[in-house]
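Start from chain A and add chain B according to the hints.
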Amino acid sequence: MDEITTLSRQRAPVRLTTVVTYVFLSALAVTMVFPFVWMVRTAFIDPKDVFISIDKVGFLRWLVPASFPQGKNFTDAVEAVPFGRAYINSIIVAGLVTFGQVFTSSLAAFAFARLKFPGRDKIFMAYLATMMIPGSVTMIPVFILTSKTPLWLDGALSWLIGSPVVLFSSSYYMFHNTYMGRPVGLDSYFTLIAPAMFTAYGTFLLRQFFMSIEKDYEEAARIDGASTWGIYWRIMLPLSRPALATLGIFTFLGAWRAYMWPLIVTYHQDIMTLPILIRSFQTAQGGVAATKWTLLMAASILHIIPVLIAFVIGQKYFIRGVRIGGIKG
Amino acid sequence: MKKTKTATTWRRRAALAGYLFILPNVLGFLIFTSLPVLASLLLSFAKWDLLRPPQWVGLQNFQNLLTDAHFWKNPFFAIPWITDCPLEHGFLFNTLVMMLAIPASILLSLFLAALLNQKLRGMILFRTLFFLPSITAGIGTMLLWMWLLNPDYGIVNLVFGHVYDALAWMASLVGWTWASWAQVRPAWLQDVTWSKPAMIMMGLWGSMGGMNMILYLAALSNVPPALYEAAKIDGAGAWQRFWKITWPMVSPTTFFIFVMSIIGGFQGGFQQAHIMTNGGPAGSTTTIGFYIYQNAYQWFRMGYAASVAWLLFLIVLVLTLINWRASKRLVHYG
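For the protein sequence lines, the chains are A and B, in the order given. So our numbering is basically just the index in the first sequence, starting at one, shifted up by 9. So our numbering is basically just the index in the second sequence, starting at one, shifted up by 5.
The shape of chain A in the complex, shown without the other chains (with noise of 0.2 Å):
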C-alpha cells in the first residue's frame, strides 16, 4: 500500500514534464516535417495554384488546393529530360561503388587487422593521415588525369600501331542510339565510379570492428585447415555483416547524393547520375532564379523517394552504423 501511495505521489510532477516534452517535441517534428508535406503539396497541383494566398483562400484551400492530386508535373519533368536514364546510371555508379568499396575495404581490413606483415602499422597510419586531407585537393590532380587519360592512351596506341587511332576519346553509342559515354575519361562509367570505390574511412571502419571479433573462431578455423582466404571469406565477412552492411549503406547513400565529382565528369545528359541531371533540369527551368516550382519539386521527390524507402527498410542499421562509425571517438 505505501509503495503504491509514493508511487503515484512522485508521478504527478514527473507527469508536467512529460507534457512538456511531448509538446516541445512535436513542435519541432512538425517543423521537421512540414517542409516534406509543402514539397509534396507543390509537386502535385497545377501550376497556376502555385502562388495562392491563404489570405484569399482560407487554410484548408492553401494546403490543399482544388487541383490536387495531379501527375502532370512528373510527366512533364520526365519528358523534359532522361529521368529513367539517370535512375539507371545513379543506381549502376552507387551500386558499383558500393560493392567495390565494401570488397576492398574489408579486404585490406581484414589484414590490417588480423595478419602480420612488415610494414602494417606505418601503411595503416598513412590511410589515417589522409583521411584529413580536403577532396578539394586530390581532386583536382584526377580529374586533370581523367581528363588527359583517353588522348594519352590513343597517342600511345597510334604510335604502337604507326597510324593514328581514336579509340579511347570517341564515344560508344549501343544500337546507334544510345549514348554509352566512353570507356575511360570525362562522361565514363568508369570516371564516374573508379576514384569513389578506394576509401581510407571504409578501412578503418572495418578494421575497428574485425578487431572486436574473438580470435577463437579463427583459430579453430585454423587448426582444421582453413586457408587466409577461407578464414576472410567464411568467418570474418559472416561474422561482421550488420558493419558490412552499415558500410554498404552509407557509401551507396553518399554516393548516390555525390554531387561535386559526377558534376565536373559529365557533360553528356546520358551519362548523368541523378542529382546532376535535375540540376540540368534546374538550370533549364531559369537556375538559381527559377520559378517553374511545381516542376522543381517533382523532380526533388524523385531524388528523396529511393533514400526514404532504404531508410524506412533499413533504419535498424542506419541508427547502429552511426553508433559503430562513433566508436573512434
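Bear in mind the hints are in silico, worked out from the structure with no lab data behind them. Keep in mind the model is a prediction, meaning the values are calculated, not measured. Don't take every hint at face value.
What the hints assert, rightly or not - Among chain A residues calculated to face chain B with C-beta under 10 Å, some are: (1) 139; (2) 209; (3) 267; (4) 296.
Claimed, not checked - Which chain A residues face chain B? A few, computed with CB under 7 Å, are given here: (5) 72; (6) 117; (7) 126; (8) 266; (9) 294; (10) 297; (11) 302.
All residues carry an ideal CB built from backbone N, CA and C; glycine is no exception.
The following block gives chain B in isolation, referenced to the frame of chain A:
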C-alpha cells in the same frame, strides 16, 4: 632446425597474404589519393589552363593568394597589403560565418538526444522524424529550401510574417510602432545580409536531428543512471546534473563531433552555393570550397585552385592539431 624453417616459410607466406589482401585498396589509394596529393602540391607551383602546357611559376600562386582580397576581406581587421575589394566579405569570412551553425547544431543535437533519452512512448517515432532531413540531404532538399525561402511565396516568410505581425501588434499596445512586415521582410537568398543566415537555418534543420543526435543518444545510454541518482540525493538540480554529469560524460562524443564538423565545415558550402545561389548575391555565399571549384573548373586556373586547396588543408591540419592538444584538458575519458 626443421621447425624454424617452416616457421620462416609460414611467416613469409603470411606476409605475402597480407600484401595481397591490401593490394587492391592500396593501388586505388595510390592512384586516386597519394599521387594526386603530390601532384596537387606540384601543381600549386604552376600555372595551367589544361590547353597550353603547364608553366612553373614558383611561389606566384601563393603570393597571389596572400593578396587576394576576395579571399581575406573581413569586417574585423584590415590587412595592410590587400587593396580594396568590391565584395562586402571575403570567402574565408563567409566560410567561418556559416560554420557558426556547428556549435549551435551540436548543442541542439545534445538537447534533443537528452529529451529522446527519456523512457517515454513514441520516442522512436520522433527520432525517425528528426532523422528525415539528414537522410534525404542533397539536391532535393536544397531545391525545397529555395522554394521555402522564396521571399514572396515561401512558407518561411509566411510563418515569420505572422509572428512578426503578432509581435508588432503587442508592441503597438505599449505605443511602440514597428515598420510593416512588407518593409522589413528578408529576401533571404537574394539579399547580401540574409543569405548566410538562410544557409545556416537550412543547415540546422538538416543536421540537428541527424548523425550527431544519434551519436549522442548512444553516448547518453552509456551514462550510468546511478550517477544521476546519487546527484539527486545530494540535492543537485536538473541544470547542475546536466553540466556536472551529462556534459563531462559525453565529452568524448562532443569532441569527435566537433573535430569532424570543423574539418567538414571548412570544406563545405559547395553544393548549397552551386545549386541555390551560384555563390551570390555579390559573393556572399561563396565559401572556400566553391572558390576552389570556380577557379579550377569554371576559370581553368588549375594551379591557383590547387594552392587554395592546399591552404585549406593547412588550416584544417593546424586546427585539428590544436583540437587534439586541447582535448587532453577538456575531454573526460571515463
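Hints that the structure is at odds with (numbers, increasing): Structure breaks hints 5 and 9.
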